[in-house]
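Trainee: Sequence:
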Amino acid sequence: MSEQGNQPLPKVLIVDDSRMVRASIVKLIRGRFEFREEVDGEAGWQALLVDPSIHLVLTDIGMPQLDGYGLLERIRASKLSRVQELPVIVISGEEDDAVRERARQLGANDFITKGIGAAELLARLDSLTRLAQTRRELEESRAALAKQSPVDPVSGLATESYMTWRGEQELALARRHQADFSTMVVEIDRYDQLITAYGAHVAQLVTRKLSGILATKVRKEDTVTQIAPSQFVVLAPGTDLGGVSAFALRMQQALEKLVMTYREDRIRISVTIGVASSSVDGAQSVSELIGVAMKRIQAGRQAGGNRVVGDQGEITQELVDRLVKRTVSIDQVLGQIRDGAGAAELEARLPAVVAALMPLLQLMEARLGCGIPLDRLNNYNFGPGAGAEGTKKA
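Going by my numbering, 164 is the number at position 164 of the sequence shown; the sequence numbering is gapless.
Think of the hints as simulated: they come from the structure by calculation, not from any bench. We treat Cβ as the ideally placed atom computed from N, Cα and C, and that holds for glycine. The reader is advised that the hints may include incorrect statements.
30 Å max Cα-Cα, derived DSSO-like pairs, lysine-lysine [said to hold, decoys possible]:
#1 Lys11 <-> Lys114
#2 Lys209 <-> Lys79
#3 Lys11 <-> Lys27
#4 Lys295 <-> Lys209
#5 Lys257 <-> Lys220
#6 Lys79 <-> Lys295
#7 Lys11 <-> Lys79
If you anchor each label on the Cβ, the simulated ranges turn out as follows [to be verified]:
#8 Gln312 <-> Asp51: 25 to 33 Å
#9 Ile213 <-> Met364: 37 to 45 Å
#10 Leu334 <-> Gly305: 35 to 43 Å
#11 Ser53 <-> Ile213: 27 to 35 Å
#12 Lys27 <-> Arg322: 48 to 56 Å
#13 Ala123 <-> Gln302: 35 to 43 Å
#14 Arg36 <-> Ala123: 20 to 28 Å
#15 Glu318 <-> Lys27: 47 to 55 Å
#16 Arg19 <-> Asp97: 21 to 29 Å
#17 Arg268 <-> Gln84: 27 to 35 Å
#18 Pro64 <-> Arg322: 35 to 43 Å
#19 Gln84 <-> Met358: 31 to 39 Å
#20 Leu173 <-> Ser53: 25 to 33 Å
Could you build all of it, start to finish, from the sequences and the hints given here?
Mentor: Now the structure itself:
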């Protein structure tokens, strides 16, 4: 990374579908700013969520996937203050008065034309990045306080800073004990269409409903955070890929059946969920793990939404059954029992538990002769209809 003195250069996110425009801007700012390039608003939005080093956004308006207006709306509506308060400069033409007015109303801080000179562009970037740095320092102070007061007063869920702090602790603990650490990112499908059809207040009601459902369904050791109007993160320490996939699939299928009534309309919602696991994906940090899950959401969104996506693509019940049967943690099952897990959920894992414990049971019976029914247990585990699939109740 280039530096001025001992300070890293501010980073500018350049979002434009024209490679020539991006190249001309990079040529003007190289050496004074770090930069990241994205080809449309959707890619730019994902970059903002996973890259906290971005100080300023420079965006075009007319782009595929998500245009500059949509990117501005998401930035200003973000639950992450570091994203919401980012300076945004819009690239526009001299004649685009209507474009400028709409962008200004959505929260744009400044405008430049595509033929701007180096001196003028650098002066504007310097001014706005200094403002962003001041805000960032204030946000870091708030983050320190958030560790002492970890609950967001609006959503009632954990703050982003507390989630990151708690998650890094849990991930380090998982590495020391060779345990797993998983995450899932939940996105409400077609949220922008929901706002267009019913208004922002109805979309917020849907968000609150999902927030309440997630908060009541997770374990006490899990952490739930809202990172965007339509996105939530669940951190699940001690949970393997099979466990987080099973939970995500149950959540997706339950929400698919949910119907909300507004006036005379019945509103159905669905979610797309990306799951990731530290042991499978090799992530070295919580933000990296969340980034992996977000990429899987993007794949699920492109496939039509309303699905769960993991490292091998869409997750089905058959895949979950195979994962649960293949890997089982006795400590995790005991923890589920202590936490009051349902009988149906535990029964599905019993064949795998028996298989894992069988060598110990055989040794105990050989040494102690205490009458353990090994033949019956073997038949339960390996007989007709056994396994995770055979134990499920209709």
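Trainee: State for each hint whether it applies.
Mentor: Results of checking the hints against the structure:
1. Lys11 <-> Lys114: Holds - the C-alpha atoms of Lys114 and Lys11 are around 20 Å apart, at most 30 Å.
2. Lys209 <-> Lys79: holds (16 Å)
3. Lys11 <-> Lys27: holds (14 Å)
4. Lys295 <-> Lys209: holds (25 Å)
5. Lys257 <-> Lys220: holds (26 Å)
6. Lys79 <-> Lys295: holds (20 Å)
7. Lys11 <-> Lys79: The given pair, whose Cα atoms are some 21 Å apart, holds under the 30 Å limit.
8. Gln312 <-> Asp51: 25 to 33 Å: With Cβ atoms ~26 Å apart, the hint holds.
9. Ile213 <-> Met364: 37 to 45 Å: Holds, since Ile213 and Met364 (Cβ atoms, about 43 Å apart) stay within the stated range.
10. Leu334 <-> Gly305: 35 to 43 Å: holds (37 Å)
11. Ser53 <-> Ile213: 27 to 35 Å: holds (33 Å)
12. Lys27 <-> Arg322: 48 to 56 Å: holds (52 Å)
13. Ala123 <-> Gln302: 35 to 43 Å: holds (40 Å)
14. Arg36 <-> Ala123: 20 to 28 Å: About 21 Å separates the Cβ atoms of Arg36 and Ala123, which means 20 to 28 Å holds.
15. Glu318 <-> Lys27: 47 to 55 Å: Once the Cβ atoms are compared, 53 Å apart, the range 47 to 55 Å for Lys27 and Glu318 holds.
16. Arg19 <-> Asp97: 21 to 29 Å: holds (27 Å)
17. Arg268 <-> Gln84: 27 to 35 Å: This hint holds: roughly 29 Å between Cβ atoms.
18. Pro64 <-> Arg322: 35 to 43 Å: holds (38 Å)
19. Gln84 <-> Met358: 31 to 39 Å: Violated: the Cβ-Cβ distance is about 55 Å, outside 31 to 39 Å.
20. Leu173 <-> Ser53: 25 to 33 Å: holds (27 Å)
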